[in-house]
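Asks: Protein sequence lines, in the order shown, are assigned to chains A and B.
Be aware that the first sequence starts at 47, since it is given in this note's numbering, and climbs by one per residue.
Be aware that the second sequence starts at 1387, since it is given in this note's numbering, and climbs by one per residue.
Rather than coming from a laboratory, the hints here were simulated on the basis of the structure.
Hints may be right or wrong, so weigh each one.
Computed cross-link-like contacts, DSS-like style, restricted to lysine-lysine with a CA-CA straight-line distance of at most 25 Å [what the hints assert, rightly or not]:
1. A:145 <-> B:1405
2. B:1462 <-> A:111
3. A:145 <-> B:1464
4. B:1445 <-> B:1462
5. B:1445 <-> B:1464
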Amino acid sequence: MVSAELKKKIEGLIKENRVFVFMKGTPEQPMCRFSMAVEQILHGMDVDFAGYNILEDEEMRQGIKEYTNWPTLPQVFIEGKFVGGADIIAELAENGELKKLLPKS
Amino acid sequence: MCQLLDPQLVTKIEERIAKALPGADVIMDDSDGMHMALEVKAAEFKGLMLVDQHRMVYKALDDLLASGELHSIMIKTKAN
């Protein structure tokens, strides 16, 4: 069960940041191949994003998976909406769909 | 995090996908030497967004994910 407090925290983060990634490591230093793939795709498109390092927060690491009903990380949110993990982001980048989802900067 | 193919795990994954998505085409691969890739083509995916297609796959593999036996996998889905 995701505690009300954690839910509030998650929703605050995804609403305050147009592109938000729950990841292993940070946007400056991803610590897993999948998190790095997301970072490279987004930065490659000149998209700045904020990240939450779930390696430093076990509660969030479990909580976010329950919140989105999604078992793996990283998890990418655009404009407050859950878009998917590294494999989905890669596919959307490839077929041009990702650009359409991203906020105009 | 890395996870490579282990024949027993492959069988378990294939069985679960066959059960949840009968008739689906499944390809498994770990040729990048670091992560498993699972490609599933199923008629059930028609009309669904990628996120929901992947959710169906994760749901089929739910017990493996819950136990930690499976923790890292790249999923590719396509409607048949």
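Asks: None of the hints should be skipped; say for each whether it holds.
Replies: So, going through the hints one by one against the coordinates:
no.	hint	in the structure
1	A:145 <-> B:1405	36 Å, violated
2	B:1462 <-> A:111	20 Å, holds
3	A:145 <-> B:1464	21 Å, holds
4	B:1445 <-> B:1462	15 Å, holds
5	B:1445 <-> B:1464	16 Å, holds
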